[in-house]
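Can you build the whole structure from these sequences, using the hints too?
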Amino acid sequence: MSEVKIKIENLYKIFGPRAKEYTNKVKSGIDKDELLAKYNHVLGLDNINLDIKEQSIQVVMGLSGSGKSTLIRHINRLIEPTEGTVLVDGEDITKLNKADLLEFRRNKTGMVFQRFALFPHHNILDNVQFGLSIKNLDKSESKDKAMYWIEKVGLTGFENKFPNQLSGGMQQRVGLARALAIDPDILLMDEAFSALDPLIRTDMQDQLLDLQKNLKKTIIFITHDLDEALKLGDRIAILNGGKLVQDGNAEEILLNPADEYVSNFVKDVNRIKVLKIGSIMNIDGNMNESNPSVMVDESIENCLPTMLESESGLNVLDNDKNFVGVISKNNIAEILRRSKD
Amino acid sequence: MSSESLRLFKKSVDGAYRSFSAKYGDAIEAVFDPVLYFLVWFEKLLHNSPWPLVILALLGLVYLGSRSIYLTIGSLFAFLFIGYFGMWDDTMSTVSIIGVCTALTIGFGIPVGILMSGSDRARAMITPILDIMQTMPSFVYLIPVVMLLGIGKIPGLLAVIIYAIPPVIRLTDLGIREVNKEVLEAADAFGANRMQKLFRVQLPLALPTIFAGINQTIMMALAMVVIASMIGVKGLGQPVLKAITNQYFTMGLLNGLAIVALAIIFDRVSQSYGKRMQQHRAGANE
Ligand SMILES: Nc1ncnc2c1ncn2[C@@H]1O[C@H](COP(=O)(O)OP(=O)(O)O)[C@@H](O)[C@H]1O
Ligand SMILES: [Mg+2]
Numbered sequence: 001m002s003e004v005k006i007k008i009e010n011l012y013k014i015f016g017p018r019a020k021e022y023t024n025k026v027k028s029g030i031d032k033d034e035l036l037a038k039y040n041h042v043l044g045l046d047n048i049n050l051d052i053k054e055q056s057i058q059v060v061m062g063l064s065g066s067g068k069s070t071l072i073r074h075i076n077r078l079i080e081p082t083e084g085t086v087l088v089d090g091e092d093i094t095k096l097n098k099a100d101l102l103e104f105r106r107n108k109t110g111m112v113f114q115r116f117a118l119f120p121h122h123n124i125l126d127n128v129q130f131g132l133s134i135k136n137l138d139k140s141e142s143k144d145k146a147m148y149w150i151e152k153v154g155l156t157g158f159e160n161k162f163p164n165q166l167s168g169g170m171q172q173r174v175g176l177a178r179a180l181a182i183d184p185d186i187l188l189m190d191e192a193f194s195a196l197d198p199l200i201r202t203d204m205q206d207q208l209l210d211l212q213k214n215l216k217k218t219i220i221f222i223t224h225d226l227d228e229a230l231k232l233g234d235r236i237a238i239l240n241g242g243k244l245v246q247d248g249n250a251e252e253i254l255l256n257p258a259d260e261y262v263s264n265f266v267k268d269v270n271r272i273k274v275l276k277i278g279s280i281m282n283i284d285g286n287m288n289e290s291n292p293s294v295m296v297d298e299s300i301e302n303c304l305p306t307m308l309e310s311e312s313g314l315n316v317l318d319n320d321k322n323f324v325g326v327i328s329k330n331n332i333a334e335i336l337r338r339s340k341d
Numbered sequence: 001m002s003s004e005s006l007r008l009f010k011k012s013v014d015g016a017y018r019s020f021s022a023k024y025g026d027a028i029e030a031v032f033d034p035v036l037y038f039l040v041w042f043e044k045l046l047h048n049s050p051w052p053l054v055i056l057a058l059l060g061l062v063y064l065g066s067r068s069i070y071l072t073i074g075s076l077f078a079f080l081f082i083g084y085f086g087m088w089d090d091t092m093s094t095v096s097i098i099g100v101c102t103a104l105t106i107g108f109g110i111p112v113g114i115l116m117s118g119s120d121r122a123r124a125m126i127t128p129i130l131d132i133m134q135t136m137p138s139f140v141y142l143i144p145v146v147m148l149l150g151i152g153k154i155p156g157l158l159a160v161i162i163y164a165i166p167p168v169i170r171l172t173d174l175g176i177r178e179v180n181k182e183v184l185e186a187a188d189a190f191g192a193n194r195m196q197k198l199f200r201v202q203l204p205l206a207l208p209t210i211f212a213g214i215n216q217t218i219m220m221a222l223a224m225v226v227i228a229s230m231i232g233v234k235g236l237g238q239p240v241l242k243a244i245t246n247q248y249f250t251m252g253l254l255n256g257l258a259i260v261a262l263a264i265i266f267d268r269v270s271q272s273y274g275k276r277m278q279q280h281r282a283g284a285n286e
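Chains as they are written, first to last, in my numbering: chain P, 1 to 341; chain G, 1 to 286.
Calculated from the structure, these hints are not laboratory results.
There could be a bad hint or two in this list.
[Claimed, not checked] Here are the in silico distance ranges between beta carbons for each label pair:
(1) E182/G x G90/P: 27 to 37 angstroms
(2) T94/P x R194/G: 19 to 29 angstroms
(3) E182/G x D284/P: 36 to 46 angstroms
(4) E182/G x T156/P: 24 to 34 angstroms
(5) D183/P x A30/G: 49 to 59 angstroms
Where a beta carbon is used, it is the ideal one built from N, C-alpha and C, also for glycine.
Here it is in structure tokens:
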């Protein structure tokens, strides 16, 4: 769980014909608006450094135009960096030659797109097989794999339908199956669920988490929706104007937002629902036998009834029922007060 | 420019071209020999096979292309009308030259269109040439062709192709450029190389547009039949030409109607074929 799968170092992307010349300007502090106003170049990414751990879900968040799509496309090099490196399993993919880059894309990364980007002239089976046929895999083997993934995403019976005969949610399942069929280590999902209705969206999120339990892919998931980010992300990176302003887990982002941009993002979140007991407990306290106990990874909200019944506080236990800390009414009051302002 | 130097200028250009064609005319003609052989063979095949067989084959193609019983029956009547009024041989000559012409424009036009779609520079260079090909009066470029190759089938074929090929080229280019960028990006993301992208994504998705171009090309080729007959191409154009010079109204009208009948058949067949290729795409490309 702790190996770094993807290491992004000092990554810059400037859009425009003289991008290289302007990297120094960006390094000396010019921001996105100024670069556009003065030099008519668009700052896509500004010195991004990010480690993405193996088998984890790394969410990337930010407002529209903040560089999310640009960043994710550097991981399979659909966009060439202006400067910097992207290491995957220790190999710098920005240095790959053409043929190696194709091989890399064919084997290491699968991508899911916001507007599905299915092949309208292929039926579902051929869509899911696309990546395999690009690799010139044996026909029957490729069909077996495709059918396996069609079944996994719950679309058995639709193999011979065409994309425009399917609902949005079903189309994105095809998109997911198409990406998974090549069995990539890395799954790149660019606002994959943003175009779906809320109910279908929740469904897809659950399905993704469910699949991930066994798959253990390294997933980069882009969204502009904080609830989605909190639900899916092991870590959440936040972009603003091409800059990475914060990268942390849900608790860090909610409790210690790096700047105003991040606080604005998180201000409407229901903290007691998202935060776990462990993130606000007091580890110095002593066990009090007469108090009730709660689990460390329970949400605050779920512990509120127990808390209200208790006289002086709660004992916090970890999953093996060992005592790890205490929590008082004051701790919770403080969180509630903070979410108000 | 003074009239004297203008005369000199024309004379020297013509002279240079004449000596060029005297020197290389035969060699260039030889290049076209295979096409000529094929054209002659195809025309003979249509002429010499028993007409019911030819009609049957043509109706078969009409039905396969259009899947329409009405159009097939309509075509049957058109062919019977043509035969009854003694225009069968001329019609078969026209069908053969249009057929060969269409095959050549497709074989040549689609690759050029692909080239154009892949590079803005190629497009900037080819577009004005296409404009000239479409607007220059045909007689003007017929002159050097006839000077080079004499009068006959090949110059006629070339004239028709020059006039009719631009739509295939333009619409191949357009069709490929119009392919949804996200779909193309998906192909890239899965590691498709240029050829895989072209043959598995771009061309299939551009096919309906390319087909619209082929349809236009066929129509334009038919429109050239009369002009081509002036330089010795056999077919329905020749009696029309004769009718014009001798003021035979009925003869002109009958042959004109035969050309119209062919045009309608070619048009409907290629259009409904093109439409059928789009069936699964409506609404899926947005
Ligand atoms: N090909 C391009 N040429 C010029 N500017 C671009 C290009 N692609 C993206 N941009 C710009 O880069 C910035 C980041 O875009 P993007 O990564 O698509 O943002 P996001 O996905 O977060 O909405 C935007 O300002 C966008 O206009
Ligand atoms: Mg985006």
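Now the hints, each set against the structure:
1. E182/G x G90/P: 27 to 37 angstroms: Given a distance of about 31 angstroms, which is inside 27 to 37 angstroms, the answer is holds.
2. T94/P x R194/G: 19 to 29 angstroms: The hinted range 19 to 29 angstroms holds for T94/P and R194/G, with Cβ atoms some 21 angstroms apart.
3. E182/G x D284/P: 36 to 46 angstroms: With Cβ atoms ~54 angstroms apart, the hint is violated.
4. E182/G x T156/P: 24 to 34 angstroms: 27 angstroms, holds
5. D183/P x A30/G: 49 to 59 angstroms: 57 angstroms, holds
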